[in-house]
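*Asks:* Listed in order, the protein sequences are those of chains A and B. Our numbering numbers the first residue of the first sequence as 1 and each following residue consecutively. Our numbering numbers the first residue of the second sequence as 1001 and each following residue consecutively.
By construction, these hints were calculated from the structure, which means they are not laboratory data. Mixed in with the good hints there might be a few duds.
With beta-carbon atoms standing in for the labels, derived distance ranges [stated by the list, open to error]:
| no. | chain 1 | residue 1 | chain 2 | residue 2 | range |
| --- | --- | --- | --- | --- | --- |
| 1 | A | H233 | B | R1229 | 22 to 28 Å |
| 2 | A | F13 | B | C1087 | 29 to 35 Å |
| 3 | B | T1022 | A | E274 | 29 to 35 Å |
| 4 | A | W86 | B | A1068 | 30 to 36 Å |
| 5 | B | L1100 | A | N252 | 30 to 36 Å |
| 6 | B | P1228 | A | K121 | 42 to 48 Å |
The following residues of chain B were derived to be distant from chain A, with all beta-carbon distances above 12 Å [claimed, not checked]:
| no. | residue |
| --- | --- |
| 7 | V1011 |
| 8 | T1016 |
| 9 | L1021 |
| 10 | C1087 |
| 11 | W1091 |
| 12 | F1095 |
| 13 | H1132 |
| 14 | P1215 |
| 15 | I1222 |
Cβ atoms here follow ideal geometry from the backbone N, Cα and C, with glycine treated the same way.
The residues making up each chain are set out below.
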Amino acid sequence: MAFLELNNVSKSFGGQRVLSDINLSIQEGEFVAIVGYSGQGKTTLINLVAGLIKPDQGEVSLEGKPVTGPGPDRGLVFQNYSLLPWLTVQENIALAVDQVFPGWTAAQRLAHIDKYIAMVKLSHAKDRLPKQLSGGMRQRVSVARTLAINPRILLLDEPLGALDALTRGTLQDEIANIWQTERKTVVLITNSVDEALLLADRIIPLTIGPGATLGESVPVTLARPRDRKGVNHDPEFKRLRALVTNQLLAFNAGRKVSLTQKLIRPDILPEDLEAPRVSRPPRRPGEEKHEVILTS
Amino acid sequence: MKKFLDISRLVKTFPTPKGPLTVVRDFDLGVRKGEFITLIGHSGCGKSTVLSMVAGLTDLTSGGIILASKEVTEAGPDRGVVFQAPCLLPWYTAFENVMLGVDQVYYTATSLERRQIAEYYLTIVGLGDSMHKRPSELSQGMRQRCGIARAFALSPKMLLLDEPFGMLDSLTKYELQDVLLDLWQRDQKTALMVTHDVDEALYLSDRVVMMTDGPEATVGDILEVNFPRPRTRKQLMEDPEYYRLREHLIGFLEERSHLRPGKPAMAAAH
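So that you can see chain B by itself, here it is in the shape it has in the complex (with noise of 0.2 Å):
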C-alpha cells in the first residue's frame, strides 16, 4: 500500500505540573490517497490531538507524519482543517472568510478566478444565497457549511476535521454530512475526521480507527467499512452488515477502549 499520509510511532508529552503527561504513544497509521478515515474514541482521550498534529498545530514530542512524501513540521494549505467551532472573522462575510485564504493560495489567478472559486464553495454547500451575511446572522450549521467551503476551496492534499459537527442537533448533521461527503466526492479528497459518534462514523467513513482512553493513547482496533458508494442512509440502515458494525463499534466503546492493545484482553477480541 502506497501511504499519501504515514504517522509512525507518533507520541505526544505534554509538561503538567505533577510531571509530564504522556497524551498520545507508539500512534501508528498509513492513509491512502483518496480515503476517508475516522478517528473515534472517548473525549479527553487525544484523538484532537492527534489531527492538531497533522495539521501541523502542535508539536510532536517523537515519532514522525509523512503527507504526500513530505514531512510535516508546521501548519499550511496544504492542509485544510475544519473545527467544532467554524472559527470565522466576525467582522467579514461569509464570501469574505474563504477569499482569505482563497487569495493567498491562488495568487497567481485572476481576481475573477478567485471571486469564482470562493462562490463555486459557497454554493455548493448551500450557501448561494448567504454568502454576503456575516456570521452573526448565520445559523450554527450554516456557519460550519462556511468552515467546509473554506477548507475545501484551498484544494488542500488532505482535510482535517475535528469533530466539525459536535455542536449541532443530530438533524442538522445529516445535513451536513451530506454536504461533506458530496464534496468529498467531487473532489476526491483524502480525509482524516474526529469523532465521537458512531453512525457518523459508519455513514463517512472508508475505515473506522478506534483509540484507547489516555493516557497513552493509541490506535486499539481498526474497522473496514464497506458499504458501496455513494451511500444514502436509507440503504445503510437496512443492511444487516450496518448494525454488525455499529455494534462492533460500540463494543469497543463500552467495553475496550480502556486497554491498550499487547495486553492479553485485547488479544483475545482480535
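Okay, chain A solo, but in the shape it has when bound (with noise of 0.2 Å):
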C-alpha cells in the first residue's frame, strides 16, 4: 500500500476535462516532482490532492484513508505566499501552529514556533509584517509554517515561481537540506526540469490538456546533496535533463501544426523620423546605392 495514492482519478470544469485517468503512488519519505505546461492542470491535481476540490471520478487516498476534504496532515505550499498582512511573521505562524496544537501550553508552542523559524532563517526577521520581507523571505515564512503543522506530507505548487534566479536557488538548497533532516514526503509541483533534477528522487511530466494524465515516471538517482554547478559534468545529470525535456517539448509538438500561409512583407525601409518629413514613396533595400564622392 502506497502513502499517497490517486486511483484513475478525473476531473472536469464546466465540461471541458482538465485531467483524465491520473494514476499516481508515493511511497512514505519520497521526494516527486510533477513537472508540466501552464495551465495544463498540474495545480488542479494538487487541490485534489490537498481534498480542496473532489475528483469527477476515482479516488485520492492518504495512508489507506480516503481524502474528502482539507486537513493538517497534508501541508500546503503556495506559490503567492498567502501570508495575513496584518500579523507578523510568528503570529502568521503561531495562527496555524494554535489551531493544531490546541493541547500544547503556550511556552510550548513558541518555542516550536522559534524553531521552524530559525529552520529557514529568519529569527532576525520574525517581528516582522509580511510587507516589510521580500520575496524570497515571504515564501519562507509560508514553508516555515507549513512545517511547523507537522503535516504527514508536504504539497509545493510551484512554491518558487515568482522569485528570481539567485533566490530560487538558495530556497531550491533550503528545501533541500529541509528535506533531508525532516524526510516528509514531498510533491513538487515546477515547471522547471532543472528545479525538479535537483530536489526529487523521481520525476513525473505531465502531459498536455485538455485531459492532461500523467507520462512515465523518471527516477532521478543523483547523489544527494546535489550541486548546481557541479552536475554538469555528471553524465547522468545530462541524461535525464536530456530525457525530461525532450518528452515535454514531444507532448507540445504534438499540438502543433504547421500551415503554409500566402504573406506579403513589403520590400520598404522605415523613414529616419529625426530628419524633416519627406513626401516620396518609401525607400527599398535595392534602391539604395552608396557611392564615393570625391569633393573639394
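Starting from two chains that each stand alone, build the complex the way the hints lay out.
*Replies:* Below is the structure:
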C-alpha cells in the first residue's frame, strides 16, 4: 500500500476535461516532482490531493484513508505565499500552530514556532510584517508555517515560480536541506526541469490537456546533496535532463500544426523620424546605393 | 572588428538620499553587426540600466554609446525594445498596437503596405488568428509574442530585449525563444538581450557578457558561444561543450560575480 494513492482520477470544469485517468502512487519519504506546462492542470492535481476540490471520478487516498476534505495532515505551500498582511512572521505561523496543537502550553507552542523560524533562517525578522519582507523571505515564512503543523505530506505548488533565479537557487538548496533532515513525503509541482532534477527522487511529466494525464516516471538517482554547478559534468544529469526536456517538448510538438500561408512583406525601409518629413514613396533596400564622391 | 554598437567607459550614477550611487562603472562593449549578445548577471546588478541607456531611455552619467556611427542621445525607432512586461495599450488590439509604430516609421508607404507589414510580423510570431484581440483576451505568452512582433515590424537597426521571457514559465519560454531566433535569423538583426537564465543565454547568443554585481557593475567576463546555427535545443543538450559552458556561467554567477576584474582573484580566473 503506497503512502499517497490516486486511482483513475478525473476532473472537469464546465464540461472541459482537465485531468483524466491520473494514477499515482508515492511511497513514504519520497520526493516527487510533477513537471508540466502552464494551464495543463498541475494546480488542479495538487488541489485534489489537498482535498480542496473533489474528483469527478476515481479516488485519492492518503495512508489508506480516502481524502474527503482539507486537513492538517497535508501541508500546502502556494506560489503567492498567502500570508495575512496584518500579522507578523511569528503570528502568521502561530495562527496555524495554535489550531493544530491546541493541547500544548503557550510556551511549548512558542518554542515550536521559533524552531521553524530558525530553520528557514528568519529569526532576525520574526517580528516583521509580510510587506517588510522580500519575496524570498515571504516564501520562507510560508514554508515554515507549513512545516510547523507537522504534516504527513508536503504539497508544494510552484513555490519558487515568482522568485528571481538567485533567490530561487538559494531556496531550492534550503528545501533540499530541510527535506534531508525532516524526511517528509513531498510532492513538488514545477515547470522547471532543472528544479525537479536538483530536488526530486522521481520526476513525472504531465501531458498536455485537455484531459492531461501523467507520463512515465523518471527516477533520479543523482547523489545528494546535489550541486547546481557540479552536476554539469555528471553524465547522468545530462542524460536525465535531455530525457525529461525532450519528453515535454514532444508533448507540445503533438499539439502543433504546420501551415503554409501567403504573406506579403513589403520590401521597404523605415523613414528617419529625426529628419524633416519627406513626400516621396518609401525607399527599397535594392534602391540604396553607396558611392564614394570626392569633393574638394 | 568593425563595431556596429560601441559602448565605451559607460558610467551611471543615481542620486540617493545617502549620496550618489554608481550603479554601472567603466562598462565597455563592442558588438558586431548581426551579432546576438546576452548580458547576464544577478537581479539588480545594473544590466537593465545598461540596456536602458543603449535604448536612450536613461541618461548616461559619462562615457558614450555609438550605434551605426551615430551617437545615442535619446530614444528612437531605430532601436526596438522588448520589455519584460509587454507594455501593450489595453484598449487597442494586438494589430493596432503594432500599427501604432508602423504608421510612424513607414509614413511614406501606402496604408496597404503598412497593414501588410503588421500582419506579416504578427503571423510569423504565431498570432495569425488572434491579431484582432485585445491584450486582456491574450495569455501572457501571446502578449509577449505581440511585443516581439511590434519591435521587429519597425525594422530597427538594433533589438534590445530586457528579460523578455522572465515572467513566463520555462516551457512557454522555450517556444518564444524559438520565435525570437527565427525572426532574428530572417531579418539578420543585431540583438542585445538581458537575462539571468543561463540556458537561455547559451541557446540564443554568439557571446555571453557576464556582469559583476552592483554597485559599480562592469563586464566581468565574456564567453564565446560557437554552436552552429540554426540551433536546436536537442542538439545543444547532446553537445558535451554545452555543459562545459553552462558550468562556466553558473560558476561565474555563484562564485565570481562579486569580484571586479583587475583584482588578483579575478586575474587568476582568466
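*Asks:* Hints first: check each against the structure and report whether it holds.
*Replies:* Against the structure, the hints:
{"no.": "1", "hint": "H233(A) / R1229(B): 22 to 28 Å", "result": "holds (26 Å)"}
{"no.": "2", "hint": "F13(A) / C1087(B): 29 to 35 Å", "result": "holds (32 Å)"}
{"no.": "3", "hint": "T1022(B) / E274(A): 29 to 35 Å", "result": "holds (31 Å)"}
{"no.": "4", "hint": "W86(A) / A1068(B): 30 to 36 Å", "result": "violated (55 Å)"}
{"no.": "5", "hint": "L1100(B) / N252(A): 30 to 36 Å", "result": "holds (32 Å)"}
{"no.": "6", "hint": "P1228(B) / K121(A): 42 to 48 Å", "result": "holds (45 Å)"}
{"no.": "7", "hint": "V1011", "result": "holds (25 Å)"}
{"no.": "8", "hint": "T1016", "result": "holds (19 Å)"}
{"no.": "9", "hint": "L1021", "result": "holds (19 Å)"}
{"no.": "10", "hint": "C1087", "result": "holds (20 Å)"}
{"no.": "11", "hint": "W1091", "result": "holds (24 Å)"}
{"no.": "12", "hint": "F1095", "result": "holds (14 Å)"}
{"no.": "13", "hint": "H1132", "result": "holds (16 Å)"}
{"no.": "14", "hint": "P1215", "result": "holds (17 Å)"}
{"no.": "15", "hint": "I1222", "result": "holds (19 Å)"}
Of the numbered hints stated above, the single one contradicted by the structure is hint 4.
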